[in-house]
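Novice: One-letter residues, chain by chain:
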Amino acid sequence: MQDSILKKFPDTDISVSLVWVEMLPTDNRVAAENMAASIRDPRVVHYFDPRGARLAGGAFAKGIIREGAGPAWDVYFFYDKDAEWQHAPPGPAEWFHQLGGGTRADPRRFAAGVIGDKLHEAMHRLTHTNCEHPRIGGRP
Amino acid sequence: MARVRFLAFLVFALTATWALTACARPSRCGAPNSTARVSNDIAPMSSPPCNEQRVAAKLIVLAVERLDESASQHIRAALAERYNQGLFFAAAGNDLVTILARTDSDINVANTVGFLQTIGIQAREATEQEYQAAESALTGRTIGVSASAVSLDEQGPSRHDAGDSPLRSLDASLDSLRDRFNRDKGKLRFVAILSPT
Numbered sequence: 006m007q008d009s010i011l012k013k014f015p016d017t018d019i020s021v022s023l024v025w026v027e028m029l030p031t032d033n034r035v036a037a038e039n040m041a042a043s044i045r046d047p048r049v050v051h052y053f054d055p056r057g058a059r060l061a062g063g064a065f066a067k068g069i070i071r072e073g074a075g076p077a078w079d080v081y082f083f084y085d086k087d088a089e090w091q092h093a094p095p096g097p098a099e100w101f102h103q104l105g106g107g108t109r110a111d112p113r114r115f116a117a118g119v120i121g122d123k124l125h126e127a128m129h130r131l132t133h134t135n136c137e138h139p140r141i142g143g144r145p
Numbered sequence: 035m036a037r038v039r040f041l042a043f044l045v046f047a048l049t050a051t052w053a054l055t056a057c058a059r060p061s062r063c064g065a066p067n068s069t070a071r072v073s074n075d076i077a078p079m080s081s082p083p084c085n086e087q088r089v090a091a092k093l094i095v096l097a098v099e100r101l102d103e104s105a106s107q108h109i110r111a112a113l114a115e116r117y118n119q120g121l122f123f124a125a126a127g128n129d130l131v132t133i134l135a136r137t138d139s140d141i142n143v144a145n146t147v148g149f150l151q152t153i154g155i156q157a158r159e160a161t162e163q164e165y166q167a168a169e170s171a172l173t174g175r176t177i178g179v180s181a182s183a184v185s186l187d188e189q190g191p192s193r194h195d196a197g198d199s200p201l202r203s204l205d206a207s208l209d210s211l212r213d214r215f216n217r218d219k220g221k222l223r224f225v226a227i228l229s230p231t
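Those protein sequences? They're chains A and B, same order as listed.
Take the first sequence: its position 140, counted from the start at 1, is 145 in our numbering, and no numbers get skipped.
Take the second sequence: its position 81, counted from the start at 1, is 115 in our numbering, and no numbers get skipped.
In isolation and in its complexed conformation, chain A is listed as follows:
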């Protein structure tokens, strides 16, 4: 992600929010802080979504993760310039995931092993075209 977006597009005006969520046994705030410290860029703000809440994972799962498949994590969303978060996060212009071999979310969006390339391609599409991107996810 750091290479695909931040380093390869150093002058792009993009707002990046990285949410570190406690999902794995080894996840905790210290680990999240370490990751945040390793990704320093003025365009980036880091958030911590603790195990007891997983608010972001829940909010972003709607319309993206299959019903009952748990919170969203290992997911990557791009939003176009007009997107606005009202009652829920809006549908993304582009998104990818690395969840469970593609069984927990749309397998066409499964990008395990190629996530860097996918993010890079999406950045190119979204920053070099002016066309409208259909929103995905089904939320108003």
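These are calculated hints, taken from the structure and not from any lab test.
A few of these clues could be false.
Result set (DSS-like, lysine-lysine): computed pairs, CA atoms no more than 25 Å apart in a straight line [to be verified]: (1) K67/A <-> K221/B; (2) K13/A <-> K123/A; (3) K86/A <-> K219/B; (4) K221/B <-> K13/A; (5) K123/A <-> K221/B; (6) K123/A <-> K219/B; (7) K219/B <-> K12/A; (8) K67/A <-> K219/B; (9) K86/A <-> K221/B; (10) K13/A <-> K219/B.
Predicted, not measured: the structure shown is a model, and the values here were computed from it.
Assemble the complex: chain A is given as a structure, and chain B must be docked to it using the hints.
Specialist: Relative to the frame of chain A, chain B by itself:
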């Protein structure tokens, strides 16, 4: 996984009294991990959440001898995803990975063995002797931690909010995330939700 050779693999399923006995002692509930140390190959256990309904949790212990860390990561991620409502603990010794899962979900030996087989891991049910050994270790909470193991100690969200922490906590609401998202309307925006490990 092809590079990984498993020398031994044990699966223990315990219809646990651990959660009940641990939570019966209020001072343990919600407290940081036990500091007792006996073995050096099992990570510490977080205390069970005491504001949840008491149910007989089940414990699964997987002991995997391995040749490299990727095996540990693979198994841990796979199990965490499958049983993401449970608590999982993993640590690496020199050649041993032990994973302990506590979950209130419907989980049993047969299911777990079957699941592991689907991801290419040969598993078997523990012998009675192995079962007894695991139960003894868990009941006494004599769970140790190797020097290299990652602490699983639960940390209060407010503890790090002061100072120059680069993190903004979402423990109470998504307001800060949403506010920034909307404030930056007019820009391309990217949001990723990631495990830090």
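Novice: Now tell me, hint by hint, if it's right for this structure.
Specialist: Cross-check of the supplied hints:
1. Of the supplied pair hints, the one linking K67/A and K221/B holds, its CA atoms being roughly 23 Å apart against a limit of 25 Å.
2. The straight-line distance between the Cα atoms of K13/A and K123/A is roughly 13 Å, inside the 25 Å bound, and the hint therefore holds.
3. Only pairs whose Cα atoms come within 25 Å are accepted, and K86/A paired with K219/B is accepted, the gap being roughly 6 Å.
4. With a C-alpha separation of about 17 Å, the suggested pairing of K221/B with K13/A holds against the 25 Å cut-off.
5. This hinted pair checks out: K123/A and K221/B have alpha carbons roughly 20 Å apart, not beyond 25 Å.
6. Taken as a hint, the K123/A and K219/B pair is honoured in the structure, with Cα atoms around 23 Å apart against an allowance of 25 Å.
7. Restraint check for K219/B and K12/A: the C-alpha separation of about 22 Å stays at or below 25 Å, so the hint holds.
8. The hinted pair formed by K67/A and K219/B meets the criterion: a straight-line CA distance of about 21 Å does not exceed 25 Å.
9. With a CA separation close to 5 Å, the supplied pair K86/A and K221/B stays within the 25 Å bound.
10. For the proposed pair K13/A and K219/B, the alpha carbon gap of about 22 Å is at most 25 Å, so the pair holds.
No hint from the list above goes unmet by this structure.
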